[in-house]
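Protein chains in written order, with the numbering used here: chain B, 2 to 57; chain D, 103 to 336.
None of these hints come from the bench; they were simulated from the model.
Treat each hint with caution, since some may be false.
[What the hints assert, rightly or not] Below, computed lysine-lysine pairings styled on DSSO-like, alpha-carbon distance capped at 30 Å:
1) D:Lys246 with B:Lys41
2) B:Lys41 with D:Lys176
3) D:Lys246 with D:Lys176
[Stated by the list, open to error] Restraint-style ranges between C-beta atoms, simulated for each label pair:
4) D:Leu120 with B:Gly12: 40 to 50 Å
5) B:Leu30 with D:Glu321: 39 to 49 Å
6) D:Val131 with B:Gln46: 37 to 47 Å
7) B:Leu5 with D:Pro260: 14 to 24 Å
8) B:Leu5 with D:Ser243: 51 to 61 Å
9) B:Ile34 with D:Leu117: 52 to 62 Å
10) B:Leu9 with D:Leu120: 22 to 32 Å
11) D:Phe264 with B:Ala15: 28 to 38 Å
12) D:Val161 with B:Lys41: 22 to 32 Å
13) B:Phe16 with D:Phe226: 25 to 35 Å
For each residue, glycine too, the CB sits at the ideal point set by N, CA and C.
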Amino acid sequence: MSELMDFLSMGGYAFYVWTSYALTTIILLGIVIWSSRQLKQSRTQAIRRAQQHRKR
Amino acid sequence: MYRFADRLAPWLAGLCVLCLVAGLYLGLVVAPADYEQGDSYRIIYIHVPAAWMSMFVYVVMATSSAVFLIWRLKIADMVALASAPIGAAFTAVALLTGSFWGKPMWGTWWIWDARLTSELLLLFLYLGYLALRGALETPQSASKAAAILAIVGVVNIPIIHFSVEWWNTLHQPATITKFDKPSMHISMLRPLLLMVLAFQLLYFHNLMVRVRALILQRENRASWVAELAEKNHV
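If we strip away everything but chain D, and leave its shape as in the complex, we get (with noise of 0.2 Å):
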């Protein structure tokens, strides 16, 4: 698992950067402006791909902690663990461009909609988990506690996602999720795949390098590990 990591990362990274610059350059240079937003529009290419993050990330924590609870295996854990902080940041750009999205387009920075406010619980959700992972005195306690609440907390999501359909609100309903006929023209669309893409691989990555810590930090004691440290092969 953990060669399998060590691996894998180099050409995440590379495919990452190669779609952010492409992704930036069509979003950025090459796509018309939105001819009622203007140019404003153009933080969908970071708002959209990072609030897509923010609920897959935790899908992914949900899930392994889910796996980690039935069948009791490790690295279900350390995924949960190195999954968090990622989405904690990816949630925060989602609510940041946002509130600067929404200033020039609504007027101000900040409402108290479902929208707004279930990504806002989908923060606290990621800073409680990590707090009640720091705050727990034996490990296995707090992997286990952590995880229900990983798995409590995954209610969230159809919210966040339905709200702009179940409540009128300010926001605009989703763009691309609508299967049949997306309503942006292919100019548009293809820098937004393009960084949801980017921003995909970019966690991957980073999933990589935080699980590799970990496993360094926990197998401390395998010979596998002090093997591997001796050739400095880690």
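This is chain B alone, in the form it adopts within the complex (with noise of 0.2 Å):
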């Protein structure tokens, strides 16, 4: 337990370190799913285009 309490304390500096790896997280996995959704929502589109199509 105590180990894990000097693990997370980073020798005085947690604030500065954690927020650093927090804030690179929230950005680093924002980017992943906004590139994610674009993906998708490319697709349904490409898909809805062919259904159009096949149905005229």
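Two independent chains are provided; combine them into the complex using the hints.
In structure tokens:
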């Protein structure tokens, strides 16, 4: 348990270290989610277009 | 090209996660604290990879812009466009983590020195590029104007890289680019290189995703897109 506390305290720099890692996670995860959403959207649009095309 | 990106993506993602887990474990748990900076130096494991990627992505963007202008390759234009937001994200990470490292070590969140200012300029180049693409009416002229901006902006890259040598500054000089003898112990260097690799893979994976989305949007009249879509293969 104390080992875990030691790890989390980062030698007294916990605030700086963990805020940095948290911000990085938010930004990088954000761009990953944004990109995959765009791909999903483009896919559904392409499928819809193909279906409309077949109906005609 | 689309199928290629489609097949490569899961491999890139898997490898990226692997490197990320190994790099974070070795960097945050196994590697010893720095004798001068204590544990605060552990920010290096995201700061340096992000800063490196901010420059790497820009060089990719400028190169593919040049390829697009010279050979009129549409895919090169898509690679440049897809890279810009990812590069901007890495630049933001580098600036923010640098700030959170600078505060405990230098006593300030920000100084207008050469390294920090040129990195901030890089962020504005990315954002300017994206704004230009959004602002111009016809896609062709937007691609062309943005490509020229990307190529002109590449002069900033050597300025960022050499800024710590050309000007006296608070920012510490390069740690790993000294090829002959890195000034870092192997236990600290290994996780750093793993994190660089992880960020590199994250970029390529993200690039594949964004380029696929752009191909589907732009080639919407191509018969192969319709064919794939009919079979639900996209």
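- Message: If I claimed the Cβ atoms of Ile34 of chain B and Leu117 of chain D lie 52 to 62 Å apart, would that claim hold in this structure?
- Response: For Ile34 of chain B and Leu117 of chain D the Cβ distance comes to about 20 Å; the hint is violated.
- Distance restraint evaluation - Val131 of chain D, Gln46 of chain B, Cβ atoms, bounds 37 to 47 Å: With Cβ atoms ~45 Å apart, the hint holds.
- Starting from Lys246 of chain D, check that the Cα of Lys176 of chain D is at most 30 Å away, please. OK: Lys246 of chain D and Lys176 of chain D at ~11 Å, within 30 Å.
- Check the following: the C-beta atoms of Leu5 of chain B and Ser243 of chain D are separated by a distance inside 51 to 61 Å. Holds: the Cβ-Cβ distance is about 57 Å, inside 51 to 61 Å.
- Task: Mind checking the hinted window 25 to 35 Å against the Cβ distance between Phe16 of chain B and Phe226 of chain D?
- Result: holds (29 Å)
- Query: Per the hint of 14 to 24 Å, is the separation of the Cβ atoms of Leu5 of chain B and Pro260 of chain D within bounds?
  - Reply: violated (44 Å)
- Item | Cβ separation of Val161 of chain D and Lys41 of chain B, checked against the hinted range 22 to 32 Å | Given range 22 to 32 Å: holds, Cβ gap about 30 Å.
- Query: Is the distance from the Cβ of Leu120 of chain D to the Cβ of Gly12 of chain B consistent with 40 to 50 Å?
  - Reply: violated (28 Å)
- Is the hinted range of 22 to 32 Å satisfied by the C-beta distance from Leu9 of chain B to Leu120 of chain D? Since Leu9 of chain B and Leu120 of chain D have Cβ atoms about 25 Å apart, the given range 22 to 32 Å holds.
- Message: Between the alpha carbons of Lys41 of chain B and Lys176 of chain D, is the straight-line distance 30 Å or under?
- Response: holds (22 Å)
- Message: For a C-alpha distance cap of 30 Å, please report whether Lys246 of chain D and Lys41 of chain B respect it.
- Response: Holds, at about 28 Å.
- In this structure, is the beta-carbon distance linking Leu30 of chain B and Glu321 of chain D contained in 39 to 49 Å? violated (29 Å)
This entry does not satisfy hints 4, 5, 7 and 9, going by the numbered hints stated previously.
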